[in-house]
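Undergrad: This is what each chain is made of:
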Amino acid sequence: MNSAAHNQYPPALDVYALRADFPALAQQINGHPLVYLDNSATTQKPQAVIDAVADFYSRDNANVHRGVHRLSQRASDRFDGAREKVRAFINAPSCAEVIFTQGTTGAINLVAQSYGRSILNKADEVLVSAMEHHANIVPWQLLCEETGATLKVAPMNNNAELLLEDFANLLSEKTRIVALTHVSNALGTINPIQKLTRQAHQAGAVVLIDGAQSVAHGPVDVQSLECDFFAFSGHKLYGPTGIGVLYGREALLEAMPPWLGGGDMIRTVSFEGSTWNALPYKFEAGTPHIAGVVGLGAAIDYLDAIGLQAISAHEQALLVLATQRAHSQPGMRIIGNASDKAAIVSFELDGIHPHDVGTILDSVGVAIRTGHHCAMPVMEFFGVPATARASFGLYNTAEDINALFDAITKTQSLFAR
Amino acid sequence: MNDLRDLYQEVIFDHNRSPRNFGMLEHPTHQAHGVNPLCGDELTVSLVLDKGGVIEDLLFEGRGCAISTASASIMTEILKGLSVPEADRYFDAFHAMATGQTPSQTDLPALTKLEVLSGVRDYPARVKCATLAWHTVRSALRNASASVTTE
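The listed protein sequences derive, respectively, from chains A and B. All the letters of the first sequence, read from the start, carry residue numbers 1 to 417 under this note's numbering. All the letters of the second sequence, read from the start, carry residue numbers 418 to 568 under this note's numbering.
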């Protein structure tokens, strides 16, 4: 997600060819072609991912790391192979540092409950930002309630940019964990993670990055971000739901106690006590979402073949276009105007509730998200109950933006009479 | 195909633009707060029940989408002057209507007034918007002070 990537003029995407890879896009809603602009909530799946999951269940389905039979071997190979793809995708040093979870939420809760609970004391502080998703607030609130630690919040300005000076001032020797979103789901802001991570490390804190909104939209390298933990979900990455990843630095993961207990995470079990399996299995109790992992591997293959830099450049061009259109649309206000933004446009229309906007847009096939985007503190900061949000993915086009603004104009004229 | 006009009728826009009975009573006998966390709609209903058990005055205040605002506005017009059992019958009739059933309370004189909102039955995600005010007023009538959510 570093902005240098935008200057390298990657080859333009053949978006129309790519769209053909996504069967869900080729449908009509209310007699209109579907215009899918809810990619921050979840992305559509390319046929390659759908096929990988179906193929796994059709031929290779078995439990992993448990049997000597052929299917179990094939399932294990596909499962382990996908982990290596994930490792390479985020440039983690080792597969031991790639833990499969149910999603970003599961990954953050794992860190809060295992790492957080084992190190936090009453006098300690956890620092988050004002633009976090509930998934990067509530696990820390629960942890602070359990341990007596204090949750601190780094503020943002009216453009939805983190206030760097305030962030630095909030860091102290009390700060043990800093949990920040890479890209805000409600506002689109891209945070300067490497810089923030360095400051947090200087204060002695460990840093977790919520990468749910960043991994599908530009290259992510956990080593250059210098973070200690990085969490993301498969389903926002054109992969299946129910699967996610926690990257963690090996030394931290080794020292952390297990969170969930069960099969696969143990080395030995007796009624006197048990010993834990090696990383990453120590944190993967029970039968994992094997088909989900296989599908996630296929999604990564698909994205690698296109190139994350090309996807980023394409989406940035869409963002520029949508932002220009929004500025010339009367009665429309964008919420979240950070200088470094992902292709997410949260907006308000004068005198029209976002829920009405969503229904009217849907009537002409335009799918957007309306509501608080699981970021109620963000809504409170901007003094709105909810926003409408168009969020773009690799398959969106300038025509999609035209359809969005035609539908917005229609909504405004309906309400104007 | 659902016709948007079945949901967004002119009467809805009218009530959304100028909601009737909007505000807070200074000395209500009953009051309740309702929220729809999914869309951030919230409203407060305050009312005065007279000694005979009749809704003497009824106001609502809050912010919400056109459907929830219009529904609350129309509701206050209908319920003012009614007894609690009568209000309950309207609640049941409206609930049936919004969820795609045929109300059995066909004798209710203001039933046709509610029909402008029956379009929500084709929009499952919007039913909660239309019923929020009704759930809130029912809650106020049951407990003198209450809080409800449509989630």
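Some hints could be false.
Said to hold, decoys possible - Which stretches of chain B does chain A cover? Using the computed rule of at least three CB atoms under 8 Å from a CB of chain A, they are:
(1) 504–516
(2) 545–552
Unchecked claim - One-sided and incomplete, this derived list gives chain A residues near chain B with beta-carbon spacing under 7 Å:
(3) H355
(4) S363
(5) G365
Treat the hints as calculated values from the structure; they're not laboratory data. In this text, all values refer to a predicted model and were calculated from it rather than measured experimentally. Just so you know, even glycine gets a beta-carbon here, dropped at the ideal spot from N, CA and C.
Undergrad: Check the structure against each numbered hint from earlier and tell me which ones fail, lowest number first.
TA: Hints 1, 2, 5 not satisfied by this model.
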